[in-house]
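Undergrad: Kindly produce the complete structure, drawing on both the sequences and the hints.
Number of protein chains: 2
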Amino acid sequence: MTKKSPAAEAVKAWGRLMRVSRQLVEKTEDALKAGGLPPLAWYDVLHELAEAGEGGLRPFELVDRVLLAQYNVSRLLTRLDVDGLVEKLPVSDDGRGQTVRITPAGRETRRRIWAVYGASIAELMGDKLSAAELEMLAGLLGRLRDPPIGD
Amino acid sequence: MTKKSPAAEAVKAWGRLMRVSRQLVEKTEDALKAGGLPPLAWYDVLHELAEAGEGGLRPFELVDRVLLAQYNVSRLLTRLDVDGLVEKLPVSDDGRGQTVRITPAGRETRRRIWAVYGASIAELMGDKLSAAELEMLAGLLGRLRDPPIGD
DNA sequence: TCCTTATCGATGCAATTGCATCTATATGAA
DNA sequence: TTCATATAGATGCAATTGCATCGATAAGGA
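Chains as they are written, first to last, in full-length UniProt numbering: chain F, 1 to 151; chain W, 1 to 151.
Since the hints were made in silico from the structure, they are not lab data.
Quantities reported herein were computed from a predicted structural model and do not represent experimental measurements.
You can take every hint at face value.
Pairs count within a copy or across copies, as identical chains cannot be separated in the list.
Calculated cross-link-like contacts (lysine-lysine; reagent style DSSO-like; alpha-carbon spacing at most 30 Å):
| hint | residue 1 | residue 2 |
| --- | --- | --- |
| 1 | K27 | K4 |
| 2 | K128 | K4 |
| 3 | K88 | K33 |
| 4 | K33 | K4 |
| 5 | K33 | K128 |
| 6 | K27 | K128 |
| 7 | K12 | K27 |
| 8 | K12 | K128 |
TA: Dropping the structure here:
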């Protein structure tokens with residue numbers, strides 16, 4: 001494995017990607033704060049749990065999905081539990097683990113976050129590029145993903 | 001101003017952008033850590049200061065360029081100063097301010113970070129997309145930037 | 001069964017970040 | 001000049017994060 005120097009095009013795209021992603025996150029977090037809502041990470045977790053339905057998810061499954069470190073998930077779940085947005089249930093066939101399920105209050109909070117988050121996406125992405133361009137962007141980004149995604 | 005619901009394409013592109021940017025940062029930070037090197041933020045600042053040359057930069061100029069909060073720049077500069085990578089000079093025509101200049105040791109550190117950072121960019125972006133695709137990606141991202149950049 | 005190793009989730013502690021505010025200097029109007 | 005306001009940069013304190021590790025249970029081989 002040889003250490004390579006990156007192509008100029010790669011450096012340019014990298015720089016744009018870093019800057020844009022940080023700007024978008026920052027603006028969205030600001031909008032959430034302005035609305036007295038919790039940060040994006042809470043949404044991610046509530047979203048995954050909502051998708052998972054009544055069966056809930058094990059914390060380690062959440063770790064895979066949301067791209068947060070294990071200890072961050074552990075602590076975030078503690079906060080969500082304290083706030084009554086999720087509930088932790090013992091799981092029968094694995095004495096180490098638990099299952100985490102979203103509560104009605106959690107669904108409601110998720111909905112309220114989405115009102116702001118979704119508007120932010122619409123404003124920051126939807127309004128800037130056409131549907132075809134967004135598809136193209138998603139396609140290119142998909143190939144940078146790990147694992148890469150064709151579609 | 002009406003709250004809008006985002007288009008499906010926008011949501012998909014958003015999701016990819018968030019995931020990919022976090023993955024790329026994480027992998028790059030890991031590579032830097034593995035090499036016993038300081039984090040990306042250090043590179044950003046050292047890079048800007050290297051570009052600025054002997055004249056250096058005022059901290060507030062750095063704040064604009066690197067997309068870090070003012071207090072983070074202040075503290076990062078303190079660390080860089082302690083490590084001898086930059087030097088803080090009083091500035092004659094503004095008693096509140098200072099000028100920050102990169103030192104030879106700072107240039108050397110920047111070079112060593114780049115050896116890893118650049119290789120990471122080459123591997124994670126350059127190897128995944130063609131030059132034309134990278135240009136296309138940069139173009140699309142440029143339009144999401146604030147302010148938008150055509151080229 | 002017993003022992004070693006792996007996995008799940010939590011946590012102590014140090015470092016970093018965010019927020020609010022502070023000090024000091026500069027600017028500009030009266 | 002004088003005072004009010006704005007700007008540059010630093011910092012106290014609380015919250016969050018990262019790192020290392022822990023305790024508990026599982027899994028698998030001898």
